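Colleague: If you're matching them up, the sequences are chains A and B in order.
Each step along the first sequence adds one to the number in this note's numbering, with nothing skipped, and position 100 is 100.
Each step along the second sequence adds one to the number in this note's numbering, with nothing skipped, and position 52 is 52.
Among the hints, erroneous ones may be present.
[Unchecked claim] Pair by pair, the computed Cβ-Cβ distance ranges are:
hint, chain 1, residue 1, chain 2, residue 2, range
1, B, G16, A, E66, 49 to 59 Å
2, A, S26, B, L27, 29 to 39 Å
3, A, K58, B, N84, 38 to 48 Å
4, B, D59, A, T72, 16 to 26 Å
5, A, M83, B, L27, 27 to 37 Å
6, A, S3, B, Y10, 24 to 34 Å
7, A, L20, B, S96, 32 to 42 Å
Bear in mind the hints are in silico, worked out from the structure with no lab data behind them.
Every value quoted in this text rests on a predicted model; they were computed, and no experiment measured them.
C-beta atoms are modelled at their ideal positions from N, C-alpha and C, and glycine is treated no differently.
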Amino acid sequence: AQSVTQLGSHVSVSEGALVLLRCNYSSSVPPYLFWYVQYPNQGLQLLLKYTTGATLVKGINGFEAEFKKSETSFHLTKPSAHMSDAAEYFCAVSAPTFTGGGNKLTFGTGTQLKVEL
Amino acid sequence: DGGITQSPKYLFRKEGQNVTLSCEQNLNHDAMYWYRQDPGQGLRLIYYSQIVNDFQKGDIAEGYSVSREKKESFPLTVTSAQKNPTAFYLCASSKSLGREDQPQHFGDGTRLSIL
Chain A
1 AQSVTQLGSH
11 VSVSEGALVL
21 LRCNYSSSVP
31 PYLFWYVQYP
41 NQGLQLLLKY
51 TTGATLVKGI
61 NGFEAEFKKS
71 ETSFHLTKPS
81 AHMSDAAEYF
91 CAVSAPTFTG
101 GGNKLTFGTG
111 TQLKVEL
Chain B
1 DGGITQSPKY
11 LFRKEGQNVT
21 LSCEQNLNHD
31 AMYWYRQDPG
41 QGLRLIYYSQ
51 IVNDFQKGDI
61 AEGYSVSREK
71 KESFPLTVTS
81 AQKNPTAFYL
91 CASSKSLGRE
101 DQPQHFGDGT
111 RLSIL
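Just chain A, with the same shape it has in the complex:
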């Protein structure tokens, strides 16, 4: 079975500071990894994904994440936080566990990012 752990349910940074949101996964097979962002009362929007190939993945809004197999991690970073980055962020892992196909996503419990002036 696969699982995701997001360390820190709340993270606060100053505007212009580095954003680091942590995600560790557990999977018995090579995983596919995703980061989603959720603004209040909205659905989830894909930030970036890792499937195969380059381990440093760039996404939208200046975010990036690095897949580290040896550490089973997929931490999300952004060099300089902006007020508009304040939202909840979810890490998710996918693996071929469905019978009949499709992709089952297992989500972490989320990290609320606060950006202060």
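Assemble the complex: chain A is given as a structure, and chain B must be docked to it using the hints.
Modeller: Showing chain B alone in chain A's frame:
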């Protein structure tokens, strides 16, 4: 613009009442999903469907039912058997069978509350 439309945005349920949440997609996706979101618990899978006229229980299906009569539509009914229905419900879709590398696309959710 292609996307997923959930309606209504807010819904109130009385005791003993069934309510149905609508989810429509025009992305031509085969697979559709329903999640429940509670504060601090992430997203939990209620039901999913890979193809028309077929659906499977997820992790927390008790008290819920679904149908998939059309590719575009995947309504969720919250029955009176669901004793704690207050939550934010999210519908999602993904492109095709057996493609775990494909991301899921989400609607904007329905917030259900008990009267």
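Colleague: Decide, hint by hint, whether the structure agrees.
Modeller: Do the hints match the structure? See the list:
1. G16/B with E66/A: 49 to 59 Å: 51 Å, holds
2. S26/A with L27/B: 29 to 39 Å: Because 31 Å falls inside the window, the suggested range holds.
3. K58/A with N84/B: 38 to 48 Å: At 40 Å between Cβs, range holds.
4. D59/B with T72/A: 16 to 26 Å: 22 Å, holds
5. M83/A with L27/B: 27 to 37 Å: 31 Å, holds
6. S3/A with Y10/B: 24 to 34 Å: With a Cβ separation near 32 Å, S3/A and Y10/B satisfy 24 to 34 Å, so the hint holds.
7. L20/A with S96/B: 32 to 42 Å: 34 Å, holds
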